[in-house]
Amino acid sequence: MPAADASSALLEVRNLQVDFRTRNGIAHVLDGIEFSLSKGEILGIVGESGCGKSMTALAIMGLVPTPPGRIAGGEIVYRGENLLKASKERMRRIRGNRISMIFQEPMTALNPVFTVGDQIAESIVLHQGLSRRAALDRAVELLREVHIPAPERRIGEFPHQLSGGMRQRIMIAIALACEPDILIADEPTTALDVTVQAQVFDLLLELQQDRDMAIVLITHDMGVIAEMTGRVLVMYAGRIIEAAAVDDLLENPQHPYTSGLIACVPQLSDEPEAEREALMEIPGVVPPLTELGVGCAFEPRCGFRMPVCVQSRPSPVAVGAGHSAACWLMEDADRQGADRQGADRRDGDRP
Amino acid sequence: MPILRLVLERIAYAFIVITAVLVLNFILVRLAPGDPAEVIAGESGGITEEILAAIRRDYGLDLPLHEQLWIYLGNAVQGDLGYSFYFNSPVVELVVSRMGPTILLILAATVIALFIGTALGVLASRNPEGLFSNFLTVASLIGYSAPAFWTGLMLIILFAFVVPLFPVAGLYDVTLSVGYFGRALDIAHHLVLPAFTLAIIYIAQYSRLARASMLEVLGSDYIRTARAKGVAERVVFFKHALRNAILPIITITGLHFGNLLSGAVLVEAVFNWPGLGTLAFDSLLRRDYTTILALLFFSALMVIVANLATDFCYRLADPRIKGKRG
Ligand SMILES: Nc1ncnc2c1ncn2[C@@H]1O[C@H](COP(=O)(O)OP(=O)(O)O)[C@@H](O)[C@H]1O
Ligand code: SF4
Ligand SMILES: [Mg+2]
Numbered sequence: 089m090p091a092a093d094a095s096s097a098l099l100e101v102r103n104l105q106v107d108f109r110t111r112n113g114i115a116h117v118l119d120g121i122e123f124s125l126s127k128g129e130i131l132g133i134v135g136e137s138g139c140g141k142s143m144t145a146l147a148i149m150g151l152v153p154t155p156p157g158r159i160a161g162g163e164i165v166y167r168g169e170n171l172l173k174a175s176k177e178r179m180r181r182i183r184g185n186r187i188s189m190i191f192q193e194p195m196t197a198l199n200p201v202f203t204v205g206d207q208i209a210e211s212i213v214l215h216q217g218l219s220r221r222a223a224l225d226r227a228v229e230l231l232r233e234v235h236i237p238a239p240e241r242r243i244g245e246f247p248h249q250l251s252g253g254m255r256q257r258i259m260i261a262i263a264l265a266c267e268p269d270i271l272i273a274d275e276p277t278t279a280l281d282v283t284v285q286a287q288v289f290d291l292l293l294e295l296q297q298d299r300d301m302a303i304v305l306i307t308h309d310m311g312v313i314a315e316m317t318g319r320v321l322v323m324y325a326g327r328i329i330e331a332a333a334v335d336d337l338l339e340n341p342q343h344p345y346t347s348g349l350i351a352c353v354p355q356l357s358d359e360p361e362a363e364r365e366a367l368m369e370i371p372g373v374v375p376p377l378t379e380l381g382v383g384c385a386f387e388p389r390c391g392f393r394m395p396v397c398v399q400s401r402p403s404p405v406a407v408g409a410g411h412s413a414a415c416w417l418m419e420d421a422d423r424q425g426a427d428r429q430g431a432d433r434r435d436g437d438r439p
Numbered sequence: 008m009p010i011l012r013l014v015l016e017r018i019a020y021a022f023i024v025i026t027a028v029l030v031l032n033f034i035l036v037r038l039a040p041g042d043p044a045e046v047i048a049g050e051s052g053g054i055t056e057e058i059l060a061a062i063r064r065d066y067g068l069d070l071p072l073h074e075q076l077w078i079y080l081g082n083a084v085q086g087d088l089g090y091s092f093y094f095n096s097p098v099v100e101l102v103v104s105r106m107g108p109t110i111l112l113i114l115a116a117t118v119i120a121l122f123i124g125t126a127l128g129v130l131a132s133r134n135p136e137g138l139f140s141n142f143l144t145v146a147s148l149i150g151y152s153a154p155a156f157w158t159g160l161m162l163i164i165l166f167a168f169v170v171p172l173f174p175v176a177g178l179y180d181v182t183l184s185v186g187y188f189g190r191a192l193d194i195a196h197h198l199v200l201p202a203f204t205l206a207i208i209y210i211a212q213y214s215r216l217a218r219a220s221m222l223e224v225l226g227s228d229y230i231r232t233a234r235a236k237g238v239a240e241r242v243v244f245f246k247h248a249l250r251n252a253i254l255p256i257i258t259i260t261g262l263h264f265g266n267l268l269s270g271a272v273l274v275e276a277v278f279n280w281p282g283l284g285t286l287a288f289d290s291l292l293r294r295d296y297t298t299i300l301a302l303l304f305f306s307a308l309m310v311i312v313a314n315l316a317t318d319f320c321y322r323l324a325d326p327r328i329k330g331k332r333g
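Note that the protein sequences, when read in sequence, are chains A and B.
The first sequence begins at 89 in our numbering and counts up one residue at a time.
The second sequence begins at 8 in our numbering and counts up one residue at a time.
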């Protein structure tokens with residue numbers, strides 16, 4: 089996959105494999121995930137629920153629940169260090185300090201029996217060795233930075249006294265307490281209402297620019313991807329099926345699944361109204377991960393399927409500068425290209 | 008002022024319950040077959056016509072029922088719940104003199120059950136599929152289903168005869184207790200077997216509850232948040248998780264107080280512990296209604312106090328409750 093420049097990458101994930109033991113056998117929840125993240129970049133990961141976005145994040149954090157999960161292979165290299173080989177203690181020092189994460193559910197992500205201040209201060213005491221007193225002072229500053237009014241009062245309050253948007257701001261304050269290099273935001277606004285969503289994204293952008301921090305923004309919403317990110321990974325059934333710069337991806341999607349996702353968002357689609365209606369949802373569902381055959385995982389739902397699609401799984405192929413996709417159409421663009429409406433695919437640049 | 012309101016509410020509630028218990032007591036005696044005066048006198052033996060006449064006069068038994076009730080309630084307010092002809096003592100004095108040992112027994116059993124039960128359950132939750140966890144599930148099932156008198160007898164056989172570590176019966180041994188401190192130590196020594204007997208069912212229950220509660224809490228989002236902060240696993244377990252997992256245990260402990268009190272009747276009988284239980288036992292055998300009803304009254308009082316105490320503990324432990332759910 090075309091990483092910008094391997095040496096400048098802050099984080100590099102190579103051929104990451106995560107398996108889960110389930111009742112129906114082994115599920116390859118992540119299969120060959122590969123990408124890199126540079127300093128100060130906002131990388132989007134998009135895909136339907138269950139495609140492995142959160143698991144990718146948890147793997148980076150070293151928080152894959154084991155058992156039933158297991159990292160079956162690959163490397164996660166952060167500043168030259170393979171985190172998959174790091175000791176528990178070493179990972180603990182990185183988590184919440186150099187790499188932080190915020191979650192989808194602000195309502196339940198904070199501990200109900202500790203004050204907001206204590207929950208922010210804990211991280212600071214832990215990683216920076218400040219006294220509790222000093223850490224609480226720092227917590228007040230952090231609350232101010234995430235635009236929470238009356239922070240001196242707020243730090244003494246408990247999570248149940250705050251709204252969802254407030255709680256997500258608190259989560260952001262906790263995540264940023266130690267000025268991390270990387271913030272992983274896993275659907276940070278999915279549980280919030282629309283106006284609050286916009287506020288939280290504005291806040292993330294503001295904080296990211298102040299700190300030159302890299303963000304991995306996970307979402308199932310192409311609209312958010314379009315607004316927030318620089319580069320995008322599209323995931324399907326545990327794999328990355330397309331990766332590109334956001335403008336390139338939106339204007340020139342290569343994988344049928346990506347085209348479907350984009351068509352689902354009215355503002356992004358230039359299809360006529362009637363056709364868009366038909367495309368509002370990609371028909372069918374993701375097959376269970378334990379039942380993936382040898383072919384393309386999208387094949388049962390794909391309007392472009394060919395005989396080869398059932399027989400073997402397509403690998404990512406470069407289709408342009410910094411743009412790759414895993415689909416047999418890429419291999420055979422000349423033959424199939426004509427069928428695809430609005431497709432403007434280049435055939436060159438193969439490795 | 009939510010706390011003040013709460014206290015007032017609870018006092019009003021306690022007042023209603025206590026009045027209800029008194030009225031119920033009054034009705035029970037009047038419903039019992041036979042002459043109420045004889046019921047009140049109980050089977051103390053040698054009841055004379057004079058005593059019965061005195062009872063009829065004191066209780067106003069020849070007056071209409073509602074006036075009798077007024078007399079009864081009026082006496083109760085003045086701390087007079089009647090006279091036990093069997094024990095030859097005003098029942099209030101009798102009951103109060105026996106309350107100490109029972110409260111001691113119940114508190115000891117509660118503390119034992121809370122600490123041991125929670126510790127076992129928490130330990131099991133560290134590895135829910137492990138050997139210890141499975142052992143605990145089976146052991147708690149046995150502990151839960153064994154009747155207290157059987158457990159008591161087994162403990163007596165084991166620890167008083169086979170391995171004579173603890174005394175079999177009584178509150179203390181006059182020959183061994185020297186001085187204030189010696190007496191306290193001797194009472195503690197005598198307390199071990201009855202307290203454990205009473206506690207075993209609750210150890211079993213709390214260990215199961217603690218295990219389930221810990222497992223639920225450990226799967227929650229805020230535990231994941233704590234891990235994502237880089238908190239050490241030990242701290243995640245004992246600070247972030249345990250602090251939440253004990254909340255249902257506190258609630259259940261409060262609810263169990265009434266059961267503990269009735270359990271104490273049996274355990275005190277087995278160990279000849281001079282508390283309310285043995286008093287209840289003796290007065291039941293003698294059909295000493297006056298004493299039984301006074302015991303009923305004081306039990307209700309103790310349960311009310313225990314519920315109040317639990318409520319305040321819970322309020323301290325769970326910040327979400329403050330001001331709500333009065
Ligand atoms: N504890 C688990 N046991 C078995 N499978 C799991 C477990 N957790 C997640 N998975 C599976 O991993 C896949 C990826 O999940 P996730 O990363 O949460 O998806 P996303 O965040 O993209 O919605 C899903 O198909 C899910 O069924
Ligand atoms: S490989 Fe075949 S089935 Fe899969 S997305 Fe491409 S065309 Fe469709
Ligand atoms: Mg997810």
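Rather than coming from a laboratory, the hints here were simulated on the basis of the structure.
Just so you know, these numbers come straight off a predicted model, no measurement behind them.
Glycine included, C-beta positions come from ideal geometry on N, C-alpha and C.
A portion of the hints provided could be inaccurate.
[Stated by the list, open to error] Looking from chain A toward chain B, a few residues come up when the C-beta cut is under 8 Å (computed):
no., residue
1, Ser126
2, Arg178
3, Arg180
4, Gly184
5, Asn185
6, Val201
7, Val213
8, His248
9, Leu250
10, Ser251
11, Ile262
Here is what the structure says about each hint:
1. Ser126: Hint on A:Ser126: violated, closest Cβ of chain B at ~23 Å, above 8 Å.
2. Arg178: Since chain B brings no Cβ nearer than about 11 Å to A:Arg178, farther than 8 Å, the hint is violated.
3. Arg180: Holds. Min distance 5 Å.
4. Gly184: It holds, given that the least Cβ distance between A:Gly184 and chain B is near 4 Å, below 8 Å.
5. Asn185: Given a least distance of 6 Å, the restraint on A:Asn185 holds.
6. Val201: Nearest chain B Cβ about 5 Å off; hint holds.
7. Val213: Where the cut-off is 8 Å and the nearest Cβ of chain B is about 10 Å from A:Val213, the hint is violated.
8. His248: Where the cut-off is 8 Å and the nearest Cβ of chain B is about 5 Å from A:His248, the hint holds.
9. Leu250: 12 Å, violated
10. Ser251: Violated: closest Cβ of chain B sits about 15 Å from A:Ser251, beyond 8 Å.
11. Ile262: 7 Å, holds
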